[in-house]
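What follows is the residue order along each chain.
Number of protein chains: 2
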Amino acid sequence: AFAAATALAATPLVRQTDVLTVLPGTLPEAELARRLADTDGAIIMKLGRTFPAVRSALEQAGRLDTALYVERASMPEQRWMPVADVDPSSVPYFSLVVVPGDGHGRRYDAPEPSAGAADAAQGEVVVVGLGPGPDGWLTPEASDELSRVGHVVGYAPYVARVPQRVGLVRHASGNTVEIDRATHALELARAGERVAVVSGGDAGVFGMATAVLEAQEARSDLHDVVVRVVPGVSAVQAVAARAGAPIGGDFAVMSLSDRLKPWSVVERRLRAVADADLVLAVYNPRSRSRTTQVADMRRILLEHRDPGTVVVVGRDVGRAEESLVVTTLQELDPESIDMKCLLVVGSSTTRVSPTGAVWTPRSVEP
Amino acid sequence: AFAAATALAATPLVRQTDVLTVLPGTLPEAELARRLADTDGAIIMKLGRTFPAVRSALEQAGRLDTALYVERASMPEQRWMPVADVDPSSVPYFSLVVVPGDGHGRRYDAPEPSAGAADAAQGEVVVVGLGPGPDGWLTPEASDELSRVGHVVGYAPYVARVPQRVGLVRHASGNTVEIDRATHALELARAGERVAVVSGGDAGVFGMATAVLEAQEARSDLHDVVVRVVPGVSAVQAVAARAGAPIGGDFAVMSLSDRLKPWSVVERRLRAVADADLVLAVYNPRSRSRTTQVADMRRILLEHRDPGTVVVVGRDVGRAEESLVVTTLQELDPESIDMKCLLVVGSSTTRVSPTGAVWTPRSVEP
Chain Y
1 AFAAATALAA TPLVRQTDVL TVLPGTLPEA ELARRLADTD GAIIMKLGRT FPAVRSALEQ
61 AGRLDTALYV ERASMPEQRW MPVADVDPSS VPYFSLVVVP GDGHGRRYDA PEPSAGAADA
121 AQGEVVVVGL GPGPDGWLTP EASDELSRVG HVVGYAPYVA RVPQRVGLVR HASGNTVEID
181 RATHALELAR AGERVAVVSG GDAGVFGMAT AVLEAQEARS DLHDVVVRVV PGVSAVQAVA
241 ARAGAPIGGD FAVMSLSDRL KPWSVVERRL RAVADADLVL AVYNPRSRSR TTQVADMRRI
301 LLEHRDPGTV VVVGRDVGRA EESLVVTTLQ ELDPESIDMK CLLVVGSSTT RVSPTGAVWT
361 PRSVEP
Chain X
367 AFAAATALAA TPLVRQTDVL TVLPGTLPEA ELARRLADTD GAIIMKLGRT FPAVRSALEQ
427 AGRLDTALYV ERASMPEQRW MPVADVDPSS VPYFSLVVVP GDGHGRRYDA PEPSAGAADA
487 AQGEVVVVGL GPGPDGWLTP EASDELSRVG HVVGYAPYVA RVPQRVGLVR HASGNTVEID
547 RATHALELAR AGERVAVVSG GDAGVFGMAT AVLEAQEARS DLHDVVVRVV PGVSAVQAVA
607 ARAGAPIGGD FAVMSLSDRL KPWSVVERRL RAVADADLVL AVYNPRSRSR TTQVADMRRI
667 LLEHRDPGTV VVVGRDVGRA EESLVVTTLQ ELDPESIDMK CLLVVGSSTT RVSPTGAVWT
727 PRSVEP
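If you're matching them up, the sequences are chains Y and X in order.
Just so we're aligned, residue 1 is where the first sequence starts under our numbering, counting upward by one.
Just so we're aligned, residue 367 is where the second sequence starts under our numbering, counting upward by one.
Treat the hints with care, as some may be off.
DEER-style ranges, computed between Cβ atoms [claimed, not checked]:
| hint | chain 1 | residue 1 | chain 2 | residue 2 | range |
| --- | --- | --- | --- | --- | --- |
| 1 | Y | R49 | X | P454 | 38 to 48 Å |
| 2 | X | E397 | Y | S289 | 15 to 25 Å |
| 3 | Y | P157 | X | G414 | 53 to 63 Å |
| 4 | Y | K340 | X | R656 | 49 to 59 Å |
| 5 | Y | A218 | X | K706 | 31 to 41 Å |
| 6 | Y | E267 | X | S653 | 31 to 41 Å |
| 7 | Y | E31 | X | V592 | 32 to 42 Å |
| 8 | Y | D85 | X | V592 | 51 to 61 Å |
| 9 | X | S653 | Y | S289 | 43 to 53 Å |
| 10 | X | S729 | Y | V19 | 27 to 37 Å |
It is worth saying that the hints were derived from the structure and are not from the lab.
For glycine and all other residues, C-beta sits at the position ideal for the given N, C-alpha and C.
All chains, full assembly: derive it from the sequences and hints.
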């Protein structure tokens with residue numbers, strides 16, 4: 001039925017390099033809109049009573065004009081027409097919607113002025129943190145900003161969390177091209193667009209805010225672009241909240257990645273933090289290619305801190321697969337740590353309460 | 367007219383230690399409800415068309431049953447009746463509502479079971495950060511939690527930020543009784559109530575989360591109470607976002623208060639942070655009684671850091687009177703800092719971009 005429907009569309013459904021997504025019409029409308037905006041071509045099945053929501057999702061995704069409705073493809077009674085012309089009350093279950101990939105780089109090159117950028121002089125980049133996971137941690141300010149931009153730029157899983165609506169163009173990219181991504185956002189803004197650059201957690205804490213300002217400084221032709229940063233809930237706060245109150249006193253936040261700084265700097269900072277008896281929150285403890293840092297960190301900290309120092313390991317906090325492990329520096333197994341973990345290493349006074357909560361007293365003895 | 371109306375109420379309007387608030391009926395209903403829930407006695411003036419909103423606010427605040435409507439007090443045509451019995455269409459402008467303070471400790475002692483605590487076994491304390499200022503920084507999760515508790519406990523200005531509704535009992539206190547406040551919340555929860563303890567910013571960052579866990583640990587009879595912490599946006603994130611991305615690399619967060627830790631510990635930590643070249647965010651730089659710490663901090667940091675080190679001073683960020691000053695460690699005037707300030711002292715690489723943004727590059731040279 002797909003092939004027959006596609007043939008009717010009289011245009012290649014997608015080109016070789018494009019993405020085709022087959023979507024059930026039973027998906028929630030917002031999810032459907034988001035996925036339609038994030039693919040080249042699409043087939044939507046399971047119509048009938050879902051049709052009004054499907055039509056609305058197509059409209060939000062800016063795909064209504066090209067979407068083709070196909071009824072009883074390859075059967076004698078087949079018929080087809082633009083989705084926009086369909087009478088919703090007449091749609092049988094055995095029908096499809098075909099959304100051709102336009103193959104003209106619509107989503108990435110020469111973006112058309114979007115709903116959010118009526119005035120070319122109003123282009124700007126707003127850098128937004130989405131919080132560590134659930135929408136319950138996305139601030140109303142961030143939601144509001146996202147509802148008013150014409151473009152959203154970021155690492156694909158974060159872009160995927162932004163609800164689709166009419167006029168929103170998505171620019172999803174990989175994880176390690178922050179500067180390219182930031183430059184692209186600034187260029188869109190210079191052309192008059194309102195652009196959101198999204199991060200997980202707080203965009204200011206190992207997020208995209210720094211990358212955007214770095215990219216802007218590097219290109220004098222982008223200095224006129226207005227950049228605003230919106231604060232958010234960071235992963236360390238989410239892990240701390242789940243554990244109790246481990247960062248209730250003085251604390252430090254470090255990335256263990258040596259991708260952009262030499263390990264000697266990381267080591268020096270670890271020693272200083274351990275020696276000053278600060279609680280330490282650790283981002284990026286490990287990646288696929290960086291596998292030794294957690295063990296090295298543990299060894300360095302043990303030179304200064306008691307083996308019984310409390311350690312919290314939060315993994316995927318805020319998501320369905322969330323886990324939280326409370327252990328000690330001595331017992332911490334570096335092999336148990338992966339990219340999805342954030343660690344909080346306690347100070348000398350951090351303790352586990354009778355109820356299992358990890359907390360750091362506010363009082364410090366001399 | 368007040369006195370006449372009060373005489374009609376045939377009960378002392380308020381006792382000597384109670385609070386009487388005179389409220390215009392023209393206030394927004396939510397604001398009216400909040401203030402009615404937060405005072406002992408009240409007089410509401412300017413009725414007429416505002417009456418339905420006033421009545422609704424009284425109901426939300428749990429004060430409708432005792433509120434007395436007084437029409438044309440001290441005039442020949444005067445009449446009075448319970449507010450609940452008044453025909454809204456008949457209310458002239460020259461009428462009043464009198465809300466007697468009950469003087470029986472209703473709000474503080476032996477609280478009645480509230481709407482949020484139908485099942486006595488379901489009592490719990492949820493510790494909630496309200497964000498640094500505007501409601502745009504209050505997460506949906508925090509809003510949701512606040513909408514489901516029967517009691518809200520905290521420092522008065524934070525309690526004041528929680529919307530009033532039927533069944534919500536307020537327990538506002540001063541700024542320096544965190545442990546008493548936390549214990550009171552836990553006792554309410556043990557009695558089956560659902561209680562929110564509120565902080566500004568993130569409750570886990572120099573907020574009430576630690577105080578609640580400290581109070582719980584100290585009293586074995588409170589160990590059974592369920593305590594949950596909800597993460598929020600902290601002041602350091604708000605200041606950082608306004609400035610650009612100063613905490614985009616490794617950073618430390620410290621309180622400069624020596625109320626609970628000796629200054630020698632603060633000094634040792636400042637030296638370690640400065641020596642390790644971490645960005646430093648400073649909470650509680652100064653209070654009315656602590657006036658020397660900022661100068662001391664500046665002197666210590668200057669022993670390790672360049673005089674040109676960038677310093678951001680955020681004051682009242684997120685509020686109407688917000689200000690942000692970018693200066694250097696050399697130029698920082700300790701006398702310009704007050705209780706409402708949060709400081710971010712840059713690392714050796716923190717800089718001001720051509721657009722005026724303060725940011726810390728992710729890359730660190732060896």
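Each hint, compared with the structure:
no.: 1; hint: Y/R49 <-> X/P454: 38 to 48 Å; in the structure: 44 Å, holds
no.: 2; hint: X/E397 <-> Y/S289: 15 to 25 Å; in the structure: 56 Å, violated
no.: 3; hint: Y/P157 <-> X/G414: 53 to 63 Å; in the structure: 56 Å, holds
no.: 4; hint: Y/K340 <-> X/R656: 49 to 59 Å; in the structure: 41 Å, violated
no.: 5; hint: Y/A218 <-> X/K706: 31 to 41 Å; in the structure: 36 Å, holds
no.: 6; hint: Y/E267 <-> X/S653: 31 to 41 Å; in the structure: 37 Å, holds
no.: 7; hint: Y/E31 <-> X/V592: 32 to 42 Å; in the structure: 34 Å, holds
no.: 8; hint: Y/D85 <-> X/V592: 51 to 61 Å; in the structure: 57 Å, holds
no.: 9; hint: X/S653 <-> Y/S289: 43 to 53 Å; in the structure: 48 Å, holds
no.: 10; hint: X/S729 <-> Y/V19: 27 to 37 Å; in the structure: 34 Å, holds
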